[in-house]
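Participant: With these hints in hand, go ahead and build the complete structure from the sequences.
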Amino acid sequence: MRGGTVTSEPHAGRSSVLVIGVGNRFGSDDGIGPAVIDRVRQLCPEAATLEVDGEAARLVEAWDNADLVVLVDAVRSGVSPGTAHRLVIDRGSSPDEFGEPTGATSSHAAGVAEAWALGAALGRTPARLVVLGVEGADFDPGYRLTDEVARAVPCTARAVRDEIHAATGEDDRQPRTGVA
Amino acid sequence: MLVDIEDGAVSNVQLRIYEPPRFFEAFLVGRAYTEPADITARICGICPVAYQMSACLALEDACGVRVEGPLHDLRRLLYCGEWIESHTLHVHLLHAPDFLGFDGAIDLAQAHRAEVERGLELKKIGNEIVEVIGGRAIHPVNVRLGGFYRLPTRKERRDLRERVLRAIDLATEVVAWVGGFDFPELTHDHEMVALVDPDRYGVMDGRVISDRGLDVDAAGFGAAIAEEQVPWSTALQAHLLERGNYLVGPMARLALGYGNLLPPAREAAQAVGLGPDTRNPFRSIVTRAVETLHACVEALEILDGWEEPEAPAVPVEPRAGEGHGVTEAPRGLLYHRYVLDEDGTILEVQITPPTSQNQATIEHDLFHLVERSLDLDDLTLQHLAEQAIRNYDPCISCATHFLDMEVRRR
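So the sequences go chain by chain: A and B. 81 is the number of the first residue of the first sequence in the working numbering; add one for each residue after it. 801 is the number of the first residue of the second sequence in the working numbering; add one for each residue after it.
Don't read these hints as lab results, they were simulated from the structure. Every residue, glycine too, gets a C-beta built ideally from N, C-alpha and C. Do not take every clue at face value.
Only some residues are given here: those of chain A computed to face chain B with a beta carbon under 7 Å [what the hints assert, rightly or not]:
hint : residue
1    : Phe106
2    : Asp133
3    : Ala137
4    : Leu198
5    : Leu202
6    : Ala217
7    : Pro221
Calculated from the model, a selection of chain A residues having no Cβ within reach of chain B, i.e. all distances over 12 Å [as the list claims (entries may be wrong)]:
hint : residue
8    : Asn104
9    : Arg105
10   : Pro125
11   : Glu126
12   : Val132
13   : Gly134
14   : Arg138
15   : Thr163
16   : Cys235
Facilitator: Written out as structure tokens, the structure is:
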């Protein structure tokens, strides 16, 4: 078993795909990752999904050598709330697009970057990581997403589905990048 | 963190901690007494079991129920998993780099891959215990008032036992590894407070004891805590009435419960020179490693002696009243208090986490550390301050590699 909750294992003999929602449902917009995971479970019940808090070691354990990991996380970069970010990282690369953490409340972004670097040092990264970020506005304790971020949930979930389909060849639609 | 230096002397050190329990206290008022066990687990992704256990003990206390026997043992087993997971994470990815001259876990992993992999394997076994007993690793959903929703099967227990045997070997190696580090000289003089039980190392049982005469039950501990809002932090700072600042966590537990360490853990501690009188905060990394080994051995003992009870939970009927619960989270005492009305609606909540209890103590240490290190440049001073904070493994520890330190020199 892995850290967190895997609802179903990837199908044997096919490329292994894992969808990870990073965040805390009680951290207001930090809950975007888990909220998208809820929607992905409805859209793609066959997909392996996982909800984690963004701690680096847990991510490394979770994505260990998967072919594709689609990771949904809240982002705080200063653009309009609800804005979509998409970042693709392939095994062997060390991206600098993660940016610098801006404080304890946005340390999950640092968690993903740290997890990638830690995984790389240990030879435990997925072949490809697609980070779908959604710009958040409020990271204080709270159990509701702000309106702009809540509106981004359905299209982000569809973007996750498209990433899965593109990777597994089930659908010839191209991944959407402009999900805002 | 803010440091004020005036005319070459430290005048002020403030640690600004962002902490969510205040929100959860308000969120729980008006909800049913059955809800905190699940909701408070979401306060912390690293120590959800601690929140669940303190909540359950406090609410069961309010309802006049005491869970004992195999269900209590299963809770301790779950707690062992969390100690293994949390301590191993801190030892390997946060604390060890300080002693080996690395900026962080990534550099450490590149240079000491085998040791980091060993740590991750050990941490994963902690995860597995929490998943098998608690249902999930991060927000365990199998815990309820009175016990559990489902009990582990014979096969699950057998498989877990194999994993725990492996964990004992790994944890033994980790104690020897960290015991060989070089430690800066530092001696603290704080009052140390921990849960002490006559029969076993304190986790969920016993009384709250200090090395300077405090001896109270959970209710008495709650009555002795004074919480104070300081303007620079969202976390309340706690101190003990008529006693002042104090220290909770592994160093306090070891000092007060050394004799109750299970023999393999005590022998491993002795082999690396870790005694009950250890007052060097930098050696807390060894204490965490020893407590991890203790938790592994205790997990094995529980699995070997466990007999399945008739039901996964005992009934807990609501009644009007007040209840208190205190348990040892990996980073120290976690106190919960609830007031219920007759149908179990929550009227009042108090959650006092270990970080708010240690905050004033950490500030005190930082003050003296900065005072002695005024000739350092700000960057070096920041690195030293980060190390000092990591000694106490506060919940902010995952953020303190990026400590935002402001030094105002006037």
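Participant: Confirm or reject each hint.
Facilitator: A quick look at each hint next to the structure:
no.: 1; hint: Phe106; result: holds (5 Å)
no.: 2; hint: Asp133; result: holds (3 Å)
no.: 3; hint: Ala137; result: holds (6 Å)
no.: 4; hint: Leu198; result: holds (5 Å)
no.: 5; hint: Leu202; result: holds (6 Å)
no.: 6; hint: Ala217; result: violated (17 Å)
no.: 7; hint: Pro221; result: holds (3 Å)
no.: 8; hint: Asn104; result: violated (7 Å)
no.: 9; hint: Arg105; result: violated (7 Å)
no.: 10; hint: Pro125; result: holds (19 Å)
no.: 11; hint: Glu126; result: holds (21 Å)
no.: 12; hint: Val132; result: violated (6 Å)
no.: 13; hint: Gly134; result: violated (8 Å)
no.: 14; hint: Arg138; result: violated (8 Å)
no.: 15; hint: Thr163; result: holds (24 Å)
no.: 16; hint: Cys235; result: holds (26 Å)
Consistency with the previously given hints fails for numbers 6, 8, 9, 12, 13 and 14, ordered from lowest to highest.
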